[in-house]
Amino acid sequence: MDAGLFTANNVWMMLATALVFFMHTGFAFLEIGLTRQKNTINILFKNIFIITVGLLLYYAWGFNMMYPGFEEGSSGIFGFAGFGIDAPEGGMTPDYADGGYTWWTDFLFQGMFAATAATIVSGAVAERIKIGSFMIFTVIYVGLVYPIVGAWKWGGGFLDSWGFYDFAGSTLVHSVGGWAALVAIFLLGSRIGKFGEDGKPKAIPGHSIPLATAGVLILWLGWFGFNGGSVLSADPELTSLVLVTTSLAAAAGGVGAFILSTIMYKNMDLTMFLNGILGGLVGITAGADLMSPNEAVIIGLLAGFIIVLGVALIDKLKLDDPVGAVTVHLITGIWGTLAVGLFGDKAGAGQFMTQLYGVLIVGAFCVVSAFIILGALKAIMGLRVSKEEEVEGLDIHEHGMDAYPDFTND
Amino acid sequence: MDAGLFTANNVWMMLATALVFFMHTGFAFLEIGLTRQKNTINILFKNIFIITVGLLLYYAWGFNMMYPGFEEGSSGIFGFAGFGIDAPEGGMTPDYADGGYTWWTDFLFQGMFAATAATIVSGAVAERIKIGSFMIFTVIYVGLVYPIVGAWKWGGGFLDSWGFYDFAGSTLVHSVGGWAALVAIFLLGSRIGKFGEDGKPKAIPGHSIPLATAGVLILWLGWFGFNGGSVLSADPELTSLVLVTTSLAAAAGGVGAFILSTIMYKNMDLTMFLNGILGGLVGITAGADLMSPNEAVIIGLLAGFIIVLGVALIDKLKLDDPVGAVTVHLITGIWGTLAVGLFGDKAGAGQFMTQLYGVLIVGAFCVVSAFIILGALKAIMGLRVSKEEEVEGLDIHEHGMDAYPDFTND
Amino acid sequence: MDAGLFTANNVWMMLATALVFFMHTGFAFLEIGLTRQKNTINILFKNIFIITVGLLLYYAWGFNMMYPGFEEGSSGIFGFAGFGIDAPEGGMTPDYADGGYTWWTDFLFQGMFAATAATIVSGAVAERIKIGSFMIFTVIYVGLVYPIVGAWKWGGGFLDSWGFYDFAGSTLVHSVGGWAALVAIFLLGSRIGKFGEDGKPKAIPGHSIPLATAGVLILWLGWFGFNGGSVLSADPELTSLVLVTTSLAAAAGGVGAFILSTIMYKNMDLTMFLNGILGGLVGITAGADLMSPNEAVIIGLLAGFIIVLGVALIDKLKLDDPVGAVTVHLITGIWGTLAVGLFGDKAGAGQFMTQLYGVLIVGAFCVVSAFIILGALKAIMGLRVSKEEEVEGLDIHEHGMDAYPDFTND
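Residue numbers (UniProt numbering), protein chains in the order written: chain A, 1 to 410; chain B, 1 to 410; chain C, 1 to 410.
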């Protein structure tokens, strides 16, 4: 391979890595924007913790658990190697990954993905989880659960052998986070005031819709790298197709959610529009490289409908998910994974069943893991802050700080 | 062409696309920052609508109206093709666009431009337009007017044949938006309280100058892609020249507006400084590839002066443009287009006249189109919200939401 | 060199330039976030002034003072050339910089660095400096001091001949800014209310921790370009290594500061976590291309500890640095520069001493320069605003504007 092509590929992958990193700013804005100002510092703290600790854990062992993973004759379930000691021979040459990138780029791109799963949980459990419990959960979930599941498919494990397809992580990233979010909000219970005495849900409005909106736009931007980089090279045809399907699904998701929510609630709800965009993005992620633009629009549009119905369902189940994380990441993550069997180059009954098995196996593993980790934490140190702390806000109690002291201390 | 060069070109174009997409975050921040908090949700909603619907319209027919446009022997006025059905033969190879990018990249880059015209209008009409009327206007203006005008030059139509030059859209994007903004604020009238009983304009301060400032910095960043990508390849000499002229014009525009506004008003006005930067950017856009750095500084500096004078002129005309969109996008858009005849590689009396004809023809078409669309909407459903809604804010009335409930509901 | 490689290299360098430009948004958010709302416009104004004027000064003469700098037989102290008149012969070809980038890209990348030094000072002197004095200081410091010091190493001057190593500017950018910040806060004195009558420091909380947090994340993102671009080509091995060491040091710096501050103050302080990330970034900057990932983690972790101790030290010295700029940029800048002698490919006693000499010489020159400039300004026009202005806020007094009028005018 010539040096120009190798270099151009690696440039693309490094910039995709930068864009995925920037998604953490998007998540931070989205999560604080959709929650109350009294818990802002706490949410930001959790997100900063996740990015830094998540990357260090992935450096310490996650990357090697997930890749290269499986030696000849291994079980295909666990794999270790040793990042940081020595690059593999030829790791910096085109031999490493068909000239798509270097070993260092590989690590950093994947490391930026790793923290995302825990970030998804962070939004769902906001405004009531104990910071200590959340930090321990993050370390175990990002450090172990995420790379184990990742290895099953992207590390060349059994899901990969079966033909399960998940291009950039509708299941492997978004649902992995979403399942834990679901378990966590079930174990935590709803925020004080979320459900009235009649059992009806009450809106608890987020404190900064501008930041939430910016968060979604930044996430969309980041998805250029999340999906575009998952091509694992800068192949002009495939990367540009992926960007087109990704953006069209995002746009269609937003419009779908806007239309359905306006019909259902007679109200032009900006947060539904925004979550519809995210739903479209998560929905296209499993098959962004397989779909035509028309199929991407359909997948996105349906994801937008699913968002509106999913949010209503979560409310019906008396679960409290302040930012809609379960709907966005889990439900449309499942939708996107199954859509690979319904649309695009791999569509077919066999593929659909394989996708379904993949969803169920990953779901079972994540739910069980999350139950064990969070259940143990609940038993040992508790998951939830005191009633007093919840009412007064986690910022003052856990961090001794106020996010906007010039505006709230008057 | 070798694969490395094609790939590097396409990487540049895809990242330019990402940067142009990010400009929508910049516009959103700028527009809400310079208006009142009670209309924030409404402005964000309009912007999110524009991005998603604009992209889908461009996918449905805009791209094909604008490109490839003109078959042999066609009239050179309308052109259709059929995006989403099939890529043109060779659309993913270096044959498509001299190796500059793929057909998918082409679509997405141009699609990100398309929504910009309506976004410009969004700022000017803020705080008083009916959301329904605005949405219908956007669909027609982005869906039809923008690609028709674009086809005249970039699609190889008659303006192109005449030798009209507009590198990245001082006229084709910014003025197209600016003319509609001018018509719209004329038809809408000024906000309640903007002009006193004595007819003197009163400042209605924007609610978040930090977001407005971030918006301008993000727009400047986005212009790296807007102008840099308009080279339509990653040609090292031309792309790097374009980035230099773009940034120097931005800097000089800011400084020009700062100096003149400080002299005129004895006050160091941050929003003038910011609008001066935008003026410099819009001003250099028509000829960013033709100018030397020295010429870019002159064009930018004059654009900065024009901004200060233009804002005063709009006030004098008793027009109410909350974010200065007409001045920034229309007046400096005209200046930038004419500057191609005064400075740089194409300077000359003949070119100047061609530029002037282009400005006038595009202006006439946009003004007439905008009058027809907005006039019809005014007659049928009205353009302006009720007085009560305007006073209480559009957020509560149109969206049932508050942008900052923790701070305003006390 | 083939066109593909040259183009890919130049694409990387142009995007690195864009990322460094984006750092100014990060600095702006960080600085206003950590200070009070009444001084927000003033800080933003200073930052916008620095970016625009800094770039124009670098265009007018800074670039030529710093590069190419030294003709055969020159003193190696000053160098002039003439940007904007003519590109050097071959400046747009691979001959210019081993195919790493064009002359235009070179100028713009270095120009984006130039403004950073003054931006660092901006944070430290916030909330009490006269805007006029600050602007004059900026012009002289960015226009003269920065390029002179830069020429000593990056322009091929005497520090370079001695073997002093500073990959991306722990000393040449961050300490240059940090020394001036130190001198400035010494000459200015502390803000009213920072030290009680008992001499004990009191926290003056920043008004928007969300913006401060976003600022740090944007700075981290920008560092992908700051360090990654300092490779001066897109060499796959070296650029990807640099991104890995940079991100790991950032993560470790955050975690280090978090751990030590939690132990020392029994409080999970988000701003310490954030400054720890910045400390890790500044700390790795001098040797980002020389370190293994393990060494990067160690350097970052120690930088995180240094941040916590440094902030305590500055307080002890009764200096008032609202954003911690001296600790972040000067103290960890020194640490990073010395670390090149302790870790990585160049480690050794000789290198350590060379690094130390470099730190001291640059420090002496910057301190003396800053004392002369700021001392003269203090004598002639004063450095500090009136007591009344400081209490009421600089925004109203210097700019006649309020950053958040809808929230503060009630």
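If you are wondering where the hints come from, they were derived from the structure by calculation, not from laboratory data. Please note: incorrect hints may appear among the correct ones.
As the list claims (entries may be wrong) - If we take Cβ atoms under 8 Å as the criterion, some of the chain B residues that face chain A in the derived model are:
id, residue
1, A28
2, G193
3, G196
4, L211
5, Q351
6, I396
Unchecked claim - Output of the computed footprint for chain A on chain C, the stretches with three or more beta carbons under 8 Å from beta carbons of chain A:
id, stretch
7, 25-33
8, 112-126
9, 169-183
10, 217-228
11, 231-241
12, 316-325
13, 361-367
Every value quoted in this text rests on a predicted model; they were computed, and no experiment measured them. Ideal Cβ placement from N, Cα and C applies to all residues, glycine included.
Comparing the hints with the structure gives:
no., hint, in the structure
1, A28, "holds, 6 Å"
2, G193, "violated, 23 Å"
3, G196, "violated, 30 Å"
4, L211, "holds, 6 Å"
5, Q351, "violated, 35 Å"
6, I396, "violated, 11 Å"
7, 25-33, "violated (count 0)"
8, 112-126, "violated (count 0)"
9, 169-183, "violated (count 0)"
10, 217-228, "holds (count 6)"
11, 231-241, "holds (count 7)"
12, 316-325, "violated (count 0)"
13, 361-367, "violated (count 0)"
Comparing the model with each numbered hint stated earlier shows that hints 2, 3, 5, 6, 7, 8, 9, 12, 13 do not hold.
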